[in-house]
Each structure stands twice: as structure tokens, then as C-alpha cells.
Amino acid sequence: MENFIEQWLPIIGQAIIETFQMVIISLFFAILIGVPLGILVVLTRPGQSLENKFVYQLLNLVINIVRSIPFIILLFFILPFTKFLVGTTIGVQGVIVPLVIYTAPYLARLLESSLLEVDSGIIEAYKAMGIKTHKIIWSVMLREARPSIVLGLTIVTISLIGATAMAGLVGAGGLGDLAYRFGHLRYEVDVMYATVFILIILVQGIQSLGNRIAARLKKD
Amino acid sequence: MIKLENITKVFPSKNGNVTAVNNVNLHVKKGEIHGVIGYSGAGKSTLIRLVNLLEKPNSGTVTINGTELTALSNENLRKMRQKIGMIFQHFNLMKTATVYENVATPLRLLGLNKTEVKERVEKYLKIVDLGDREDSYPSQLSGGQKQRVAIARALSQEPEILLSDEATSALDPETTNSILDLLLKINKELGITILLITHEMSVIQKICDDVSVLENGEIVEQRSSIELFTDPRHKTTKKFLDTISQRKLSASLINQLKLNGTVTSLTFIGESAGEPLLAQVIEKFKVKPNILTANIMELKNGIVGNLIIHLVGEQDQINASLTFLNDQGVVTEEVEGE
Numbered sequence: 001m002e003n004f005i006e007q008w009l010p011i012i013g014q015a016i017i018e019t020f021q022m023v024i025i026s027l028f029f030a031i032l033i034g035v036p037l038g039i040l041v042v043l044t045r046p047g048q049s050l051e052n053k054f055v056y057q058l059l060n061l062v063i064n065i066v067r068s069i070p071f072i073i074l075l076f077f078i079l080p081f082t083k084f085l086v087g088t089t090i091g092v093q094g095v096i097v098p099l100v101i102y103t104a105p106y107l108a109r110l111l112e113s114s115l116l117e118v119d120s121g122i123i124e125a126y127k128a129m130g131i132k133t134h135k136i137i138w139s140v141m142l143r144e145a146r147p148s149i150v151l152g153l154t155i156v157t158i159s160l161i162g163a164t165a166m167a168g169l170v171g172a173g174g175l176g177d178l179a180y181r182f183g184h185l186r187y188e189v190d191v192m193y194a195t196v197f198i199l200i201i202l203v204q205g206i207q208s209l210g211n212r213i214a215a216r217l218k219k220d
Numbered sequence: 001m002i003k004l005e006n007i008t009k010v011f012p013s014k015n016g017n018v019t020a021v022n023n024v025n026l027h028v029k030k031g032e033i034h035g036v037i038g039y040s041g042a043g044k045s046t047l048i049r050l051v052n053l054l055e056k057p058n059s060g061t062v063t064i065n066g067t068e069l070t071a072l073s074n075e076n077l078r079k080m081r082q083k084i085g086m087i088f089q090h091f092n093l094m095k096t097a098t099v100y101e102n103v104a105t106p107l108r109l110l111g112l113n114k115t116e117v118k119e120r121v122e123k124y125l126k127i128v129d130l131g132d133r134e135d136s137y138p139s140q141l142s143g144g145q146k147q148r149v150a151i152a153r154a155l156s157q158e159p160e161i162l163l164s165d166e167a168t169s170a171l172d173p174e175t176t177n178s179i180l181d182l183l184l185k186i187n188k189e190l191g192i193t194i195l196l197i198t199h200e201m202s203v204i205q206k207i208c209d210d211v212s213v214l215e216n217g218e219i220v221e222q223r224s225s226i227e228l229f230t231d232p233r234h235k236t237t238k239k240f241l242d243t244i245s246q247r248k249l250s251a252s253l254i255n256q257l258k259l260n261g262t263v264t265s266l267t268f269i270g271e272s273a274g275e276p277l278l279a280q281v282i283e284k285f286k287v288k289p290n291i292l293t294a295n296i297m298e299l300k301n302g303i304v305g306n307l308i309i310h311l312v313g314e315q316d317q318i319n320a321s322l323t324f325l326n327d328q329g330v331v332t333e334e335v336e337g338e
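The listed protein sequences correspond, in order, to chains A and B. For the first sequence, position 45 matches number 45 in full-length UniProt numbering, and the numbering has no gaps at all. For the second sequence, position 12 matches number 12 in full-length UniProt numbering, and the numbering has no gaps at all.
Hints are computed from structural coordinates only; laboratory data are not their basis. One should not assume that every hint holds.
As the list claims (entries may be wrong) - The following label-pair restraints were derived from C-beta to C-beta distances:
hint	chain 1	residue 1	chain 2	residue 2	range
1	B	169	A	70	47 to 55 angstroms
2	B	114	A	209	29 to 37 angstroms
3	B	174	A	117	26 to 34 angstroms
4	B	131	A	121	20 to 28 angstroms
5	B	114	A	62	37 to 45 angstroms
6	B	118	A	88	49 to 57 angstroms
7	B	143	A	208	33 to 41 angstroms
8	B	298	A	119	36 to 44 angstroms
9	A	14	B	136	46 to 54 angstroms
10	A	201	B	119	45 to 53 angstroms
11	A	121	B	280	51 to 59 angstroms
12	B	139	A	209	18 to 26 angstroms
13	A	124	B	337	44 to 52 angstroms
Fair warning: this is a prediction, and the values are worked out from it, not measured in the lab. From the three backbone atoms N, C-alpha and C, an ideal C-beta is built for every residue, glycine too.
Start from the sequences, fold in the hints, and give me the full structure.
Here it is as C-alpha cells:
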């Protein structure tokens with residue numbers, strides 16, 4: 001046991017750091033793109049303040065197309081785009097682009113459903129008080145949707161962890177890659193078990209944290 | 001104060017167009033409480049949303065305090081709305097915000113500074129009697145308290161007009177009364193003109209100066225509340241009155257009584273309610289009145305009493321006694337069977 005820890009701790013530690021790097025950076029950019037995208041989808045809906053059939057259907061189409069492609073295929077499919085954007089297709093840098101493109105539309109969809117859950121009566125009340133639309137979005141809709149948004153972000157984060165496991169294929173490292181290379185290709189079953197164990201703890205932890213924050217934000 | 005002229009609103013639907021509001025003219029005077037009563041589907045909610053243009057009319061004009069809202073740009077309309085408060089059947093409060101934040105958020109978004117916001121929130125929460133519940137969340141409040149928060153939120157913008165969209169329809173009778181008292185107080189002490197819609201005649205009875213009866217998107221009767229209660233003309237108005245007074249008798253009973261004599265409804269207003277007129281009738285005309293139903297309603301601006309009597313005697317004596325009663329200010333109406 002001691003031997004095992006001594007031999008693998010630095011490697012596993014490194015993999016955990018890489019996984020976290022990928023998840024945090026991708027999540028950051030995914031929020032940057034996904035949140036406005038989700039808001040736009042809600043606002044251009046029929047009956048909403050910026051109603052626009054063309055934009056609404058275009059956004060829906062784009063989101064659905066991206067969401068139809070499995071990550072492992074998306075990863076290779078957009079290689080030229082990744083190369084163009086960050087100059088490389090390998091390493092953590094190379095994998096961030098596909099991770100963001102994979103996650104942002106998903107986030108937008110979850111945000112859309114969170115925002116649509118907000119009682120339309122509240123929005124009407126604020127409209128009747130003569131408050132500007134963008135202020136209603138920020139201070140009323142996003143605020144009221146917070147518990148549901150937090151749960152959505154939790155789901156997105158966990159699915160990102162899953163996607164980073166495939167990132168090993170472009171040499172980005174991480175826990176999934178460790179389990180695959182050492183555990184599967186080199187028959188170091190213990191490493192596989194240890195990695196899976198860490199992943200379980202990680203996912204459990206994130207889900208519990210998300211649930212707890214959402215429960216605290218929810219007041220009814 | 002509020003003037004709707006020839007307002008029509010049509011909603012397109014799969015089965016053709018639905019006219020929710022049809023050529024409505026409505027005039028609400030400054031300082032009054034004006035009630036619009038109608039059954040569900042009569043177009044009440046649409047009508048009240050046409051006042052602050054949450055719904056845009058297909059034709060007609062909305063004028064408030066001399067400003068024609070229907071001619072304003074979106075930006076100016078937004079500013080105008082800040083002077084028109086609105087409360088709703090389901091309160092429409094933010095669930096994730098405390099009572100304080102629910103009142104403060106709109107003020108903050110309208111650009112008031114922190115001290116002004118605090119002053120106003122405290123002032124208006126006190127007016128609605130919730131000064132001690134600042135830190136509660138809506139889920140911890142009763143329906144009546146939630147409506148009070150919504151009223152404080154509307155008042156905190158210091159509007160000249162308050163629109164009430166079925167504000168008491170989700171509340172029990174006792175809570176309804178306390179909210180109505182609050183609306184009366186607001187009207188009286190702050191001088192805010194109130195336009196409310198309701199399906200409850202008791203709301204009209206208790207707080208309205210003027211009433212419009214809405215049916216199928218059209219106003220079928222628009223008069224002062226006292227007139228409406230003493231001399232209802234339209235059959236819908238009469239039906240609404242029947243909901244609060246016990247004056248509906250069965251057709252078979254009336255038919256039976258009419259075999260001998262006549263059945264008449266007598267409505268007394270204000271002063272005449274106190275006079276012993278029936279005693280005089282018995283003495284003068286030798287007729288025998290038998291009281292079938294009797295009730296008295298306290299309106300905001302007076303008292304209305306109503307009797308349904310069975311009059312037996314000579315036909316010309318009956319006619320003479322009815323004329324006498326008319327002369328004394330009593331509204332008489334023969335009650336028909338079927």
C-alpha cells in the first residue's frame with residue numbers, strides 16, 4: 001500500500017490538477033458563451049420582449065446540431081478550428097476549445113429552462129413598474145432562477161469531468177487519461193481503481209455542493 | 001384621470017379572432033375607486049392591462065392625466081408606467097427575496113440611492129402594517145400578508161393611480177376585508193385613484209364609488225355604485241346583485257302569491273331607509289303588505305335597503321300606495337315570476 005502511494009501519488013496528483021485545470025477553464029468560457037446564448041434564446045422566443053422568429057430558430061438549430069455530436073467525434077471534427085483559434089490541437093490548450101464548444105450550448109439549454117421556470121407574473125409586475133428589460137433580466141429573472149441555475153451548472157460541471165476523460169486522446173492528460181493509459185493499456189488495474197474512486201468522490205462532492213447551494217438559495 | 005376611448009382588443013387564435021374588449025369607453029375620475037365587475041372571460045384582465053398598455057389595443061386611445069399613452073414612445077411609456085402602480089391576484093413577488101428586497105428592488109432599479117430606498121421601503125411597509133416582517137421570505141407569509149407586500153411595492157413608487165387585478169380573489173373573506181380596508185385607506189389618505197377589477201359584488205359594495213359592468217368585452221352598465229345597487233338595469237347587473245342579497249325568490253312561489261295581489265321589490269336609499277313608510281301605507285290605503293325578504297347593504301357612500309313584499313288589497317289602492325312610495329324616494333319594481 002505504502003509503495004503504491006509512493007509510486008503513484010505524484011502521477012495521480014498531476015492528473016487531478018490537469019482535470020481541474022481543464023474543467024475550470026472550460027467552464028469559465030462555457031459560461032461566458034452559454035449564459036448570453038441562453039438568455040438570447042429566451043428573449044427571442046415568441047411572446048417575449050425581443051421576439052424574433054428567425055434568430056430564435058437559428059439559435060435552436062445551432063444548439064441542437066452541436067448537442068447531437070458526441071464529444072469524442074466533436075474533438076476531431078473541429079481540429080482545424082481549434083488549430084486556427086489557439087494555434088495547437090494538443091495538450092490542455094488544444095482540448096479547451098472542443099470542451100467549450102461541447103459545453104456552452106448545453107449550458108445555454110439548461111439556462112433557458114431555468115429562466116422559463118421563472119413566474120411570468122413577476123416579470124409582468126416589473127414591466128408594469130416601468131423597469132428596463134435588461135434590468136429585469138439581471139435583477140429579477142436571473143435572481144429568481146438562481147437555485148435552478150446552480151443545479152444546471154452542477155450538471156454541466158459533472159458532464160465536463162466526463163468529457164475531460166476523453167481529452168487524453170489529444171495528450172491533455174487528466175484522470176481519465178491516467179486510467180486509460182496505465183490502467184487499461186498497461187494492465188495496472190490498481191491505478192484504474194484508484195482513479196475511478198477519485199472520480200466518484202469528485203462527482204459526489206460537486207453534486208452535494210450544488211444541491212446544498214441551490215437549497216440555500218431556494219426560499220420556498 | 002383615466003380615460004379609455006373606443007378601445008378594442010382582438011386576440012388571434014386558431015379558431016379565428018377573439019374580441020376580448022369591444023369598443024369600450026371608460027372614465028375614471030381623480031380620487032375615486034372605480035370597480036369593473038364581470039364574470040371570468042368577460043375581458044376584465046385584458047381591460048386592466050390595456051390601461052398601462054401591458055396589452056396594446058387594436059384601436060382606441062388611453063389617456064391618463066391628459067397624456068395620451070397610446071401615442072407615447074416605448075421609452076416615455078416606460079416612464080409613465082412608473083406613476084401607475086399595479087397589484088395582482090397572485091401577488092407576483094420574488095420568492096428568493098425577502099419582504100424588504102421585494103419592495104426595494106424596483107426602487108433600486110429605478111435609480112434611487114440607498115438611503116432613499118431604505119426610507120421608502122420602511123415608510124410603506126409601515127403603512128401596510130408589515131414593518132416587523134422585513135426579513136421574512138414570501139413563503140413564510142400568509143396570502144393577505146403577501147398582498148400587503150405587493151401593495152407596499154406598488155405604493156413605494158408613489159403612483160397617482162393603482163390598478164388592482166383581482167387583488168382579493170385568492171384570499172379568504174376575512175383577509176379580503178382587511179385588504180379592502182387597506183385600499184380604502186390608501187385612497188383616502190394618499191389620494192390615490194384606484195381602478196380595480198373583480199368578480200365579487202361584495203368588493204364593489206364595500207369600496208367602490210363608481211362601477212362598470214363588463215360582459216363579453218363590452219361595458220353594459222356604468223354608473224355610481226349607489227345607483228347601481230338601487231336600480232340595476234342590465235340583467236347581468238341584477239344577477240351580480242343576487243349574489244350578495246337574499247332577494248331571489250323562486251318563480252313558483254311568486255306565481256302562487258300573484259294569484260292574489262302583487263309582489264313588489266322596494267329599494268330604499270339613505271334617508272328613506274329610516275322612515276316607517278310601510279306603516280303609513282297600511283293606514284292610508286288599507287292594503288296588507290307581507291314582507292317576504294328584507295336586507296340592508298352598507299355601501300361605501302350610503303345605505304341601501306331592499307324589501308320584497310306581497311301586497312294584498314284593492315288594485316287601485318295598491319297602485320296608489322306604490323305611487324306614494326315612489327314619491328317618498330323608494331324605488332319600486334314589480335317582481336316577475338316566470
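Now the hints, each set against the structure:
Take residue 169/B and residue 70/A: their Cβ atoms lie about 52 angstroms apart, and the range 47 to 55 angstroms holds. About 33 angstroms separates the C-beta atoms of residue 114/B and residue 209/A, a value consistent with the hinted range of 29 to 37 angstroms. Between residue 174/B and residue 117/A the CB atoms are about 33 angstroms apart, so this pair conforms to the stated range of 26 to 34 angstroms. The hinted range of 20 to 28 angstroms is satisfied by residue 131/B and residue 121/A, whose Cβ atoms lie roughly 26 angstroms apart.
Between residue 114/B and residue 62/A the beta carbons are some 42 angstroms apart, a value that agrees with the proposed interval 37 to 45 angstroms. Between residue 118/B and residue 88/A the beta carbon distance is about 55 angstroms. The supplied range of 49 to 57 angstroms therefore holds. Under the hint 33 to 41 angstroms, the C-beta atoms of residue 143/B and residue 208/A, about 35 angstroms apart, fit the expected range. A hinted range of 36 to 44 angstroms holds for the C-beta pair residue 298/B and residue 119/A, which are about 37 angstroms apart.
Distance hint for residue 14/A and residue 136/B: a CB-CB separation of about 50 angstroms, consistent with the stated range 46 to 54 angstroms. Distance hint check: the CB atoms of residue 201/A and residue 119/B are about 51 angstroms apart, consistent with the given range 45 to 53 angstroms. At about 57 angstroms, the CB distance of residue 121/A to residue 280/B agrees with the hint of 51 to 59 angstroms. For the pair residue 139/B and residue 209/A, the beta carbons lie near 24 angstroms from each other, so the given range of 18 to 26 angstroms is met.
Separated by about 48 angstroms at the C-beta atoms, residue 124/A and residue 337/B satisfy the suggested range of 44 to 52 angstroms.
The structure shown violates none of the earlier numbered hints.
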